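Peer 1: Chains as they are written, first to last, in this note's numbering: chain A, 1026 to 1331; chain B, 21 to 392.
These are calculated hints, taken from the structure and not from any lab test.
Remember, predicted model here, so these are calculated numbers, not experimental data.
Don't take each hint at face value.
As the list claims (entries may be wrong) - Straight-line Cα separation of at most 30 Å, DSSO-like style, residue types lysine-lysine; simulated pairs:
| # | chain 1 | residue 1 | chain 2 | residue 2 |
| --- | --- | --- | --- | --- |
| 1 | B | K86 | B | K131 |
| 2 | A | K1086 | B | K240 |
| 3 | A | K1165 | B | K267 |
| 4 | A | K1100 | B | K240 |
| 5 | A | K1251 | A | K1177 |
| 6 | A | K1111 | B | K135 |
| 7 | A | K1177 | B | K135 |
| 8 | A | K1055 | B | K239 |
| 9 | A | K1086 | B | K110 |
| 10 | B | K86 | A | K1165 |
| 11 | A | K1111 | A | K1086 |
| 12 | A | K1041 | B | K240 |
| 13 | B | K135 | A | K1100 |
| 14 | B | K225 | A | K1042 |
| 15 | B | K39 | A | K1153 |
| 16 | B | K240 | B | K197 |
| 17 | B | K240 | A | K1177 |
| 18 | B | K110 | B | K131 |
| 19 | B | K225 | A | K1165 |
| 20 | B | K111 | B | K126 |
| 21 | A | K1136 | B | K239 |
| 22 | B | K240 | A | K1136 |
| 23 | A | K1041 | B | K225 |
| 24 | A | K1047 | B | K197 |
| 25 | A | K1136 | A | K1047 |
| 26 | A | K1111 | B | K225 |
| 27 | B | K225 | A | K1177 |
| 28 | B | K239 | A | K1153 |
| 29 | A | K1257 | A | K1206 |
| 30 | A | K1111 | B | K240 |
| 31 | B | K131 | A | K1100 |
| 32 | A | K1153 | B | K267 |
| 33 | B | K225 | A | K1086 |
| 34 | A | K1111 | B | K39 |
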Amino acid sequence: MEKNAVIAENLSKSFKKVNAVKSVSFGIGKGELFGFIGPDGAGKSTLFRMLVTLLLPDEGKASISGLDVVSDFRKVRNILGYMPGKFSLYQDLTVEQNLNFYATIFGTTVKENYHLIKDIYVQIEPFKNRLAGNLSGGMKQKLALSCALIHKPEVLVLDEPTTGVDAVSRKEFWEMLGRLKHEGITILVSTPYMDEAILCDRVALIQDGSILRIDKPDEITKSFGKPVFAVKSDRTHDLILDLKSFRGVEAANLFGNQVHVVMNNSDVDAGQITTFLKEKGQTSLDVREIEAGIEDCFIDLMINKS
Amino acid sequence: MNTILFILQKEFLQVFRNKNMLPIIFLLPVVQLIILVNAATFEMKSIRLQINDYDNSGISRQLISKFQGSPFYNITQAAYTSLDPESSLKKGNCDAILELPHDLEKDLRTKGVVKVQLIINAINGTSGGLTYAYTASVIQDFNGILINEQIRPQNPDKSRTIATTHSFWYNPELNYKTFMVPGILVLLITVISLLLSGMNIVREKEIGTIEQINVTPIKKYQFIIGKLLPFLIIALGELAIGLTIGKLLFNIPMVGSLPLVFGVAAIYISCILGLGLLISTMTDTQQQAMFVSFFIMIVIILMSGLFTAVENMPHWAQVMDLFNPIAHFIKVMRMVLLKGSGFNQILTEIYYLTGLSFLTLGLATWRYRKTS
């Protein structure tokens, strides 16, 4: 992480009534895998569209490898690979034709940079004569990634690449990103999935157009500082209500089939919670103290902000 | 330059991949040309004329047989009747009624003057006028015969008349098809190029592919040329097919230079493609683009002089037509193909078409932005 590959300073963009991105600043090091984590509508796509020169920012500026995204947009486009959230390759061209087309308009050939996409492309190569529109969701993503990489970009911007992709393909996709990182490519990726955050070098938690926090995933969880308990019972709905009435409970949220409880002080232990819940008539209880996850941190940040 | 070639290649791949588009692009216009040219005609071949003969004399029968002898009329007679004379006109059973009064022959012999009444259905003004002109000329002709037969022997001086002789140039047989084929051809290549280009960029917008294209280093002009060239080639090909059909099927004359026709056609098609692209850049969905294209197309086609002569339009409409590329190109097609006009004679049209092309293409390039 020598110098910053991507820099944004006070970037803002608003549409008619919505302030989609509010004065966002960050710096991303070269070769870093940087995640933007936030719910739908947080402003991730708008932020990305400004970085890839598709939207003009209202305020602030941004640069990619030292090139300003507004004044040097043409040069920026040469060193950038962008994969929009919506599949946007030509559905009526075949896999191979799409790849060739994107290679040629960047003035390169598939052969020249084949080593970059080899791992990904071999998986879809058996279908190279199939129309892109007839590929499955996971294969479409692989093709889109191949096309975004074919000109050996310095910076790769992926807008929700794993949304709507099955669990296995998601895992594979992140493994590929890990390999690309070793090629020295800076990768910006946005996702609504919290579990993908830990796979990034650093993440920015983003909500309502503002960045709540930027840090390494484990730093974020480590610095959480409040005890978290995972509670299970056979009456999950009442469980949340009961827990919220317990003293010192800051938040109780459903995670799968268990409830994560955040306490505002550390003088409570699992036993006390169990006793309390038993009095409330809960049965089949399982209460354990756990490490805070990234999602706990995110929810905590969201609550404390508002 | 290479970039343009790659876009070209891509566009052709897409056009020819789409199995439904090919017949639409090439077969439909041919079918339309054959149907339209045969159907759209202003020639009056069968005026349904009802003659109410109240006189039933020698002269009235002579006049009726004069009409019966003409190829333009289908005569129905309602002799001896005093029915509501207008009823058959209202029912639509006839196009015109000629009333021969009771004392036709008697008045003619004693007073020398007699009036007959012609009632014409003039809902369609053009055919109404033509019916009047035809009928009046038949009666005029009949007058001449009467004068010759009855007056001339006693008084030969009164038959002095001025005679006109005429010859029809450029279309000696007054063949309506010769007039229509060039016009309808223009119409067809207009529809094809406007719709193809109008739907194109907006389609990329709808599917989202424009996003991916916009982040590439492709320059605006490369993108637009790459988009337009395939359609220009397709439209010129279509013109070639159309002209071949016109020659083989309708035997229309091709007096002028064909390279000139294709040269002007290239300018004209660029103008229409520019218009299509402009529509494409200003709309967000194919549906919007389709509606806008249709509205514009209907106006410029109806004002183009294909069906009605531009010279008969009100002054403001004629001024508007200076900016109507179809009007200029139809004029060029008719002038070059039928009259054999050369480059110098159609220079004004070429100026206008070139100017309009720069205008539409310039606006389209300006409107097409890669950032928003």
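Peer 1: Failing hints, ascending?
Peer 2: 3, 5, 6, 7, 9, 10, 13, 16, 18, 20, 24, 25, 29, 31, 32
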